Amino acid sequence: MSSFSTETIFASTITTPDIAWVALLPLLILCGASIFLLTVASIAPKDLPSSFYAVYTGLAALASLISAIPLWVRVQDNERGPFSTIAGGFSVDGFSLIITFLILVSVVLVACLASEYLINEGISGPEPFVLIMLSASGGITMAGASDLIVLFLGIEVLSIAAYVLAAMDMRRVQSQEAGMKYFILGAFASGFLLYGMALIYGATGSTSLVAIRDFLESTELTNDALLLAGISMVLIGLGFKVATVPFHFWTPDVYQGSPTPFVAFMASAVKAAGFAALIRVFYGAFASYQTDWKPIIYGLAIATLVVGSFMAIVQTDVKRLLAYSSISHAGYILVGFQSGSENGVISVSFYLITYAFMVLGSFAVVSIVGGLNGGQPTLDDFEGLSNRRPILAAVFTIFLLGQAGIPLTTGFFAKFYVIEAAIEARSYGLAISAMVTAVIAAFLYLKILVKMWMTGETESDPISNRQARANIPIRIQVGFVLLISGGFTLIFGIWPHPIVELARDALPIL
Amino acid sequence: MGSTFFASSLASTEPSFPTIPALVILPIIGAFAVALTPSARSGLHKLVATLFSGMVGAISIWILTAFETNSDFQFISQATWIKSLGIQWFAGIDGISLFLVVLTGLLFPLAIVAINPSHNHKAYYIWLLILQSGCMGAFVALDLFMFFVFFEIVLIPMYFLIGKWGHGNAKYAATKFFLFTMLGSAIMLVSIIALASLHSRDAGSDITFNLLEIAGNPAISTATGRILFLGFALAFAVKVPLFPVHTWLPDAHTEAPTAGSVILAGVMLKLGTYGFIRFGLFLFPEASHFFAPVFLTLGVIGILYGAVVATMQSDLKRLVAYSSIAHLGFIILGTFALNTQGIQGATVQMINHGISTGALFLLVGIIYERKHTREIAELGGIQKSAPILAGAFTIVMLSSIGLPGLNGFVGEFLILLGAFTAHRWWAVVAAVGVVLAALYLLWAYQRVFHGPEESAEDQTKDLTPWERLILLPLIVAIVYLGVYPKPMLNRIEPAVDRLVAHVEEHVEGGAFREPTPTVGTRSSFADLVEDSHNHGGHHESDDHHDKGGHQ
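So the sequence lines, in the order shown, correspond to chains A and B. Numbering follows my numbering, with no gaps: position 115 of the first sequence is 115. Numbering follows my numbering, with no gaps: position 111 of the second sequence is 111.
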């Protein structure tokens, strides 16, 4: 019943809306592939090797990606342009497609990381890969959702799969704990989100984002308390997904305990989907209420930046540290988001794309270094990495400098565009706070650099342990992830033009 | 004046050889070349690094000869970088940046040849080459964005050079250096974007980061300009470093490897003072004038504070580091005198400080290599066993003190002259700093080189022929620029004149030219400029005269 729009409720007979199947092709391919894999694997007499599942997942994501390319061409064509389907519930525009591309690329890279990780951890079976694909299809749904109900569907598909992924490492209690925490807090956030949607429906009489926008633009509400309560609850629900302060408490625990490749997935794809939903709802439906929500985002952004960067400094567990760092990055994205302008959306898209590669690469390094330490490396595990593994250390340096926003990496341009959007919107205070916290955050990346490059290995470290660490092999698929992410971060860090143009063509149009 | 003025300043012919791209890119190619040489052959690394940074040095000397003495930007190189934001690769050299480019071109190969790293040769040379490219890029950039990129990127190589090859508490020093500088540049980035965005709005043009276009068509309001200026000034003040944001410098200098100190003092600190002149004064003439008393005061505090603290240092390298703070205070004093002599003096002093402090750090490094200590109390009597070392140290030290006939004098004299014309009392107080410089350097010399003779088994080895050869160009430059600074001053002057005229044009009344009566109109102002030229001429000849007397 969720796919009925308001018009059909009032119609005398129920007619099903037209569906442009082509528009849903990327989604269908991914969903279909995951269910097919599950079926085949349950029929198959014995477990297939993990690498097979990984290749299968990668190919499915690639097929889905290829099927989205004609849509991109069509959307960019001036005569045909963006369109929506399923009675306006799902739109296909540049923005939804670019987020789709991003999610699919991260699926490919995460699949590469996962196959390696799962072999090391002795986890067999197709479930992780099925869940990654399902979660990604939820994310794609969110990116295109132009109805609150569709959005909620997307979020639940994305999240429930992600909860299970967090708890995937059955042998480790931290993973179980992470999954449990993520699930309970996530369910709580979903509750807020759904309640908020109900209130918005009550205030505006529709769940369609277009209808809400038109209603709010044409009608002056005498009492908008209901609507404002709805907006804030939706903000809480989505704020949880993208981990803004004060809805971030799950992040460090979940990132620390979850299997590393799935953390990479959460930090790249899940975050991107969450921000896509935020943009859809707030830029689309509530554009006329900018004066109400912008100050709130302003405050959230500063809190997120400050808490994220300060808390990151005191961490010793690297995954926990990267969790706080990802919180502070969410803060930067909010800085761009807060501007409420076209340039704001462009800066957010650019940030999401570039950050995804940096964070995927970072977690790839973390999973290599932490390989024999239960996948949970501490800062000390990075000591003297440049002596043992100069190239790995160099690649990690690129990601860290990128996250610190040093020029000639994509991270610098990401910050640049975000700050530029904020300044154009006259949010000078926010821009300055963002740059000051960037310096604080830089300290934490420097801490890792110091460990890697300027510290020899400690004497207390038993030699056998050292030798063991020195001999962890880097499999080809992980090398591939490092090559792609590192190359992306460096090349587009010098020449960001193509990515900017891509983001520029990808404005959300309902 | 206005934009047409600046358009004409670009009119010089573009040479067919891409000079500036070569300056910036050659070291990067060199870095790749070093990276590709086999790790075991450390001699080869040094050779390749010397070769590439030497080529840059050769090009910079060629630039010196091909440079035409006028106020134009020359060797212009321009290309679109990011079209949607109007960001360009836009570079050129004028009289102000010319000698800094040459200094960067020559000091790096010298530092590479002179000092062998303690370990990990390959990475060391890669970072040095990247650093050269970064410094070069910052000195030639005429696009705000491009400047920022280079200004910020130099942090990385220097961070690794200090942290990985430094002594003592190197990690702490490197991190402190990085964070201090990054804080400054973070605020500057906000200012740059705000300036470009507000300028495009108020001037009704497309967004641009082109320095000449923004400066030539000032559209932002006075109040905004002042705030934005402070954003730029913070970044430059940290880099210079000005009191009270100088605390990173003694640590960084003391812990850095010798080549790091040489480059840091010789080239990188100039990014701050150069930034003030090129960007602070040029983009925000009104704000520079408005805040001039603040910076003059900070400059004078730096001079006195640096001198007093240097006197009390027990570590020879730290002493030189604090003397840098004092010298850079002079440069700031000259810059914010906002007249031709002052800025010209500041530009000259940047070069002089680069040469003499670079040489001082080299000598301190040589002493440390021989004695394994930098504690002044543990040194002594070196002169007897190493007379040539002592002689070289004397010349360099006297240049640093500002002895007439050596290069340091020219800059300090012009600065004090400019400051005296504009702000008498600041100059009077600053002059005390000259005396203090003599005090702490001579006292240090006395303790290190004189005193009881060293015991027979503890003799200091004198300079090797190789070391002499390396120090020779620096000492020749010290003497040459001291005795005959005219060619250098001639090349610097037109650009400085243009800058001063630009500042005057945007400052109402020119009231800061005390003690000369206040003048309001442009025509009378032109006289003033003329007048100050004549002054400049006089003083220059005075200058020679003086030297004659002293020699």
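Worth flagging that the hints you see were computed from the coordinates, not collected in a lab. Warning: the hint list may mix true and false statements.
Said to hold, decoys possible - Take a look, some chain A residues computed to stay more than 10 angstroms from chain B by CB distance: (1) N120; (2) A225; (3) A438; (4) V500; (5) R504.
To be verified - Simulated restraints on C-beta separations: (6) B:L439 x A:I391: 23 to 31 angstroms; (7) B:P18 x A:R504: 45 to 53 angstroms; (8) B:W62 x A:P498: 31 to 39 angstroms; (9) A:R475 x B:R226: 36 to 44 angstroms; (10) A:F480 x B:E68: 51 to 59 angstroms; (11) A:I474 x B:V479: 55 to 63 angstroms; (12) B:R226 x A:I69: 48 to 56 angstroms; (13) A:I69 x B:L44: 45 to 53 angstroms; (14) B:L44 x A:I474: 25 to 33 angstroms; (15) A:W21 x B:G204: 43 to 51 angstroms; (16) A:I491 x B:S39: 52 to 60 angstroms; (17) A:I69 x B:F290: 54 to 62 angstroms; (18) B:S118 x A:I474: 38 to 46 angstroms; (19) A:A394 x B:I227: 34 to 42 angstroms.
These figures come from a predicted structure and were not determined experimentally. Heads up, the beta-carbon is just placed ideally off N, CA and C, and yes, glycines get one too.
Hints, one by one, checked against the model:
The beta carbon of N120 (chain A) sits about 30 angstroms from the closest Cβ of chain B, which is more than 10 angstroms, so the claim that it is off the interface holds. With a closest Cβ-Cβ approach of about 37 angstroms to chain B, A225 (chain A) is found to remain outside the 10 angstroms limit, as its non-interface label requires. In this structure A438 (chain A) is not separated from chain B by more than 10 angstroms, as the shortest Cβ-Cβ distance comes to only about 6 angstroms. With a minimum CB-CB distance of about 6 angstroms to chain B, V500 (chain A) fails to clear the 10 angstroms threshold, and the non-interface call is violated.
Residue placement check: R504 (chain A) does not keep its beta carbon more than 10 angstroms from all beta carbons of chain B (closest about 7 angstroms). The hint said 23 to 31 angstroms for the Cβ distance between L439 (chain B) and I391 (chain A), and at roughly 52 angstroms that hint is violated. The hinted range of 45 to 53 angstroms is not satisfied by P18 (chain B) and R504 (chain A), whose Cβ atoms lie roughly 31 angstroms apart. Between W62 (chain B) and P498 (chain A), the C-beta spacing of about 37 angstroms keeps the proposed range 31 to 39 angstroms intact.
Checked against the hint of 36 to 44 angstroms, the pair R475 (chain A) and R226 (chain B) fails, with Cβ atoms roughly 58 angstroms apart. A C-beta distance of roughly 54 angstroms is found between F480 (chain A) and E68 (chain B), which places it inside the suggested range of 51 to 59 angstroms. Against the hinted window of 55 to 63 angstroms, the Cβ-Cβ separation of I474 (chain A) and V479 (chain B) comes to about 57 angstroms, which satisfies the hint. Restraint check, R226 (chain B) to I69 (chain A): a C-beta distance of roughly 51 angstroms satisfies the suggested window 48 to 56 angstroms.
Look at I69 (chain A) against L44 (chain B): about 48 angstroms separates their beta carbons, and that is inside 45 to 53 angstroms. Between L44 (chain B) and I474 (chain A) the Cβ separation comes to about 28 angstroms, which falls inside the hinted range of 25 to 33 angstroms. Taken as a hint, the range 43 to 51 angstroms holds for the pair W21 (chain A) and G204 (chain B), whose Cβ atoms sit roughly 49 angstroms apart. Checked against the given bound of 52 to 60 angstroms, the beta carbons of I491 (chain A) and S39 (chain B), roughly 26 angstroms apart, lie outside it.
For I69 (chain A) paired with F290 (chain B), a C-beta distance near 56 angstroms keeps the hint of 54 to 62 angstroms intact. Distance hint for S118 (chain B) and I474 (chain A): a CB-CB separation of about 30 angstroms, inconsistent with the stated range 38 to 46 angstroms. Distance hint check for A394 (chain A) and I227 (chain B): the Cβ-Cβ separation is about 40 angstroms, which falls inside the suggested range of 34 to 42 angstroms.
Hints 3, 4, 5, 6, 7, 9, 16 and 18, counting from the list given before, are not met by this structure.
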